[in-house]
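In order, the protein sequence lines correspond to chains E and G.
Under my numbering, residues 159 to 473 are what the first sequence spells out, in order.
Under my numbering, residues -4 to 420 are what the second sequence spells out, in order.
Watch out, some of these pointers could steer you wrong.
Unchecked claim - Cβ-to-Cβ under 7 angstroms is the rule here; a few derived chain G residues that face chain E:
hint	residue
1	V50
2	P52
3	F78
4	G84
5	R105
6	Y412
Claimed, not checked - Per the computed footprint, the stretches of chain G lying under chain E, defined by three or more beta-carbons under 8 angstroms from a beta-carbon of chain E, are:
hint	segment
7	39 to 49
8	221 to 233
9	298 to 312
To be verified - Over the 12 angstroms line for every Cβ pair with chain G, so calculated as not near, a few chain E residues:
hint	residue
10	V201
11	I297
12	H319
13	Q320
14	T376
15	G384
16	M413
17	I452
Just so you know, these hints were derived from the structure itself, not from any lab.
Backbone N, C-alpha and C define an ideal beta-carbon position, used for all residues, glycine too.
Each chain is listed here by its residues.
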Amino acid sequence: MTRTLPLTIVMIAAAVLTIVLCTFTGPAGFGIPSAGQGAADIVGGIRLPRVLAAFFVGASLAVAGAAMQALFKNPMADPYILGTSSGGALGASLAIVFLGGFFVPIFAWIGAVVAILIVWSIAGRRGVISVETLLLTGIAVSFFFSAIVSFLIAIAGQNVHQIIFWLMGGFWNASPSDAILSACILVPAGALLFFMGRDLNALSLGEETAAHLGIDATRARWAVLGGSTLLVAGAVSIAGCIGFIGLVTPHIVRMLMGPDNRVVIPACILAGGMLLVISDTLARTFFSDLPVGIITAFIGAPFFIWLIHQRGMAT
Amino acid sequence: MNDKYSIHAQNLHAGYGTIEIVKSVSCTFAPGTFTGIIGPNGSGKTTLLRTFSRVIPASGILLLDGKPVSDYTPAELGMALGFVPQDEGRPFPYTVMQVVLMARYARTSRFAALVPEDYARCHRALAETGVSHLADRSIRTLSGGEWQRVLIARSLAQDTKVLLLDEPTSHLDLSHQSDILTLMRRLAGSGSTIIGVFHDLNLAALYCDRLIMIQHGELVADGTPAQVLTPKKIREVYGADVVTSCHPATGRTFLMPIKTANGTNSAGKPLNVQVISGGGSGSDLLHFLSGKCLSLSLGILATTDTDYLTAQALDIPCVPVLPFSPIPAHALEKFKRMLSRADRIILSVHPVGTGNLPVIGALSEVDPARIIIHLPEGRDFSSYDYAKGAAAAAFENLCAAGAQCTTSYDGILQHLYPVAPETHE
Chain E
159 MTRTLPLTIV
169 MIAAAVLTIV
179 LCTFTGPAGF
189 GIPSAGQGAA
199 DIVGGIRLPR
209 VLAAFFVGAS
219 LAVAGAAMQA
229 LFKNPMADPY
239 ILGTSSGGAL
249 GASLAIVFLG
259 GFFVPIFAWI
269 GAVVAILIVW
279 SIAGRRGVIS
289 VETLLLTGIA
299 VSFFFSAIVS
309 FLIAIAGQNV
319 HQIIFWLMGG
329 FWNASPSDAI
339 LSACILVPAG
349 ALLFFMGRDL
359 NALSLGEETA
369 AHLGIDATRA
379 RWAVLGGSTL
389 LVAGAVSIAG
399 CIGFIGLVTP
409 HIVRMLMGPD
419 NRVVIPACIL
429 AGGMLLVISD
439 TLARTFFSDL
449 PVGIITAFIG
459 APFFIWLIHQ
469 RGMAT
Chain G
-4 MNDKYSIHAQ
6 NLHAGYGTIE
16 IVKSVSCTFA
26 PGTFTGIIGP
36 NGSGKTTLLR
46 TFSRVIPASG
56 ILLLDGKPVS
66 DYTPAELGMA
76 LGFVPQDEGR
86 PFPYTVMQVV
96 LMARYARTSR
106 FAALVPEDYA
116 RCHRALAETG
126 VSHLADRSIR
136 TLSGGEWQRV
146 LIARSLAQDT
156 KVLLLDEPTS
166 HLDLSHQSDI
176 LTLMRRLAGS
186 GSTIIGVFHD
196 LNLAALYCDR
206 LIMIQHGELV
216 ADGTPAQVLT
226 PKKIREVYGA
236 DVVTSCHPAT
246 GRTFLMPIKT
256 ANGTNSAGKP
266 LNVQVISGGG
276 SGSDLLHFLS
286 GKCLSLSLGI
296 LATTDTDYLT
306 AQALDIPCVP
316 VLPFSPIPAH
326 ALEKFKRMLS
336 RADRIILSVH
346 PVGTGNLPVI
356 GALSEVDPAR
366 IIIHLPEGRD
376 FSSYDYAKGA
386 AAAAFENLCA
396 AGAQCTTSYD
406 GILQHLYPVA
416 PETHE
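The shape of chain E in the complex, shown without the other chains:
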């Protein structure tokens, strides 16, 4: 409790610093590129929107991950692992193929909602959800939606590049409007989940426990599902499928600041944003603009395995 405030200040400072430093970092090295109109365009018109979009998307995924972990009473939950991202990608792909790229965020949201409802109805209905059931259900849903996406790719014709973009996950074309869109989703949905911090705490001990503690458990559940799928859909429609940010960030935050969701949610906004901005900067600076999803998977998958190992040791 006592170290929450200093840690928050440090994290805010670190987040601002990260945004600034990464905006001035690029393949050309660190610093403001040699003067000129082109340089200003690169920094202000391309890099800044990209850094901000990455920050908001990372924050969205991390907050959604933390909320889902509480709701599913399971620290292994994550939008990517639970198939929510695949659902979003499927919705986005459908919009690209059949609607020529309009309504992508809305379709991404519908896809994400459908995916999480399927997982919830199979694995989350009553009592304690075992890690195995949750992960297997998520994987099954993920595979199913990916198969449909692959089918769409096969028939997509000229839109195939756009779809493959969703699957890789990246910020190549991030525009100022992307940054604004992601902020517009993050602010209300993040605020909703932040003010539901204690509902999340109670829900993470079980819906019945929450009800016995005086929480409107049913309403809280739908609000958390709605808010977190909205965040995932926004993230997916801007940057495609980026895995593991939603899993790794809440874990790091809980290690630093404890599991109280009233602290975890805001801290995830800062930490998730920073993680993805740094990952994306690495991607575009050192790996000739590799899709950032590959970087996060490289870091996140071993972390996930380490978590499973830790749990095995604990039980």
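Here the structure of chain E is known, so what remains is to put chain G in place on it, guided by the hints.
Here is chain G on its own, set in the frame of chain E:
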């Protein structure tokens, strides 16, 4: 309408999906009482408790403090009723204090922080269940018993008038069981309504004012522990044989699972065994023999003798006589008839004075081959003689005449079944 009851249930039905678990339950719970809900596994005890707390939808009438429970907002319900689950998943490493503070959520706006009074209440709750020292520990590191006491502390910190407990002592050791249940009695004494599901009938009988027995989701008995916990009822509902008695230290009903005597042997007529004991020498022996498919009888015994109480509890026929008076002739006659019917006579050596010497004397008329004498290891007959040598001499004579002597229960069994000495429990 029914303001004097904390909980008023009428014709309550509840279940999961299409399966009905609670069937037509009607009962009321008054403030200041501690009620135990008992019943066999799967009878619907926990479901009934969860129906009271509204987490399972129910049909019928359910009033909480005179107001339909469905009219309560979630927060109001959280301030009116506390619930202690048997166990609760612990996926995240909250500290004990963080978990207990959740009790105060119902009383605080989501936009406000908890105030010092909330912390003070929670610290008091931790102290009441004896887990103050764990306040800053991660809940994932607690033992099952510590966690259960934390859950109880959390429900205390909710400050509710009604407290529902689902097997609150299932993970607790002996001393914590009594601490927690004494605490519950105290809460009931100060006006709370406590309802607990119990597996351990003796604990329930010891601490509850009233017991409700559930079978197949229906209420089958309701009353004081002594009214509800009769051997007949237990046999009907649990299918178990028990003996009930009054606990000497507490005066409360107390029961013990036991195979009662005089079971029949499927292989034919059970062996008729007459046991002669006194001064408590037979209690343990009778208990040992009572599961062995024997037709037991006992006597002669004074009604104040411990062995007489044992015989009553185990439902063994006995020849009783008044204490501190000579054995009347008709009792001795009855005893002799029993002796003549008995296939085997077990004489558990016990203190014999001039008063009960005729009992031993009667044995001289019996075929000594039918007599088995049990003399505890390391004792001799004279140490039981309170008749100036006459008793010891009577014992010696029986031995000399050919009665079987043994120092162990196994020895008794071997003499009871000389051909097939296998024992069946």
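Results for each hint:
{"no.": "1", "hint": "V50", "verdict": "holds, 5 angstroms"}
{"no.": "2", "hint": "P52", "verdict": "violated, 11 angstroms"}
{"no.": "3", "hint": "F78", "verdict": "holds, 4 angstroms"}
{"no.": "4", "hint": "G84", "verdict": "holds, 5 angstroms"}
{"no.": "5", "hint": "R105", "verdict": "holds, 6 angstroms"}
{"no.": "6", "hint": "Y412", "verdict": "violated, 51 angstroms"}
{"no.": "7", "hint": "39 to 49", "verdict": "holds (count 3)"}
{"no.": "8", "hint": "221 to 233", "verdict": "violated (count 0)"}
{"no.": "9", "hint": "298 to 312", "verdict": "violated (count 0)"}
{"no.": "10", "hint": "V201", "verdict": "holds, 40 angstroms"}
{"no.": "11", "hint": "I297", "verdict": "holds, 20 angstroms"}
{"no.": "12", "hint": "H319", "verdict": "holds, 41 angstroms"}
{"no.": "13", "hint": "Q320", "verdict": "holds, 39 angstroms"}
{"no.": "14", "hint": "T376", "verdict": "violated, 9 angstroms"}
{"no.": "15", "hint": "G384", "verdict": "holds, 17 angstroms"}
{"no.": "16", "hint": "M413", "verdict": "violated, 9 angstroms"}
{"no.": "17", "hint": "I452", "verdict": "holds, 30 angstroms"}
When the structure is compared with the earlier hints, violations turn up for hints 2, 6, 8, 9, 14 and 16 and for no others.
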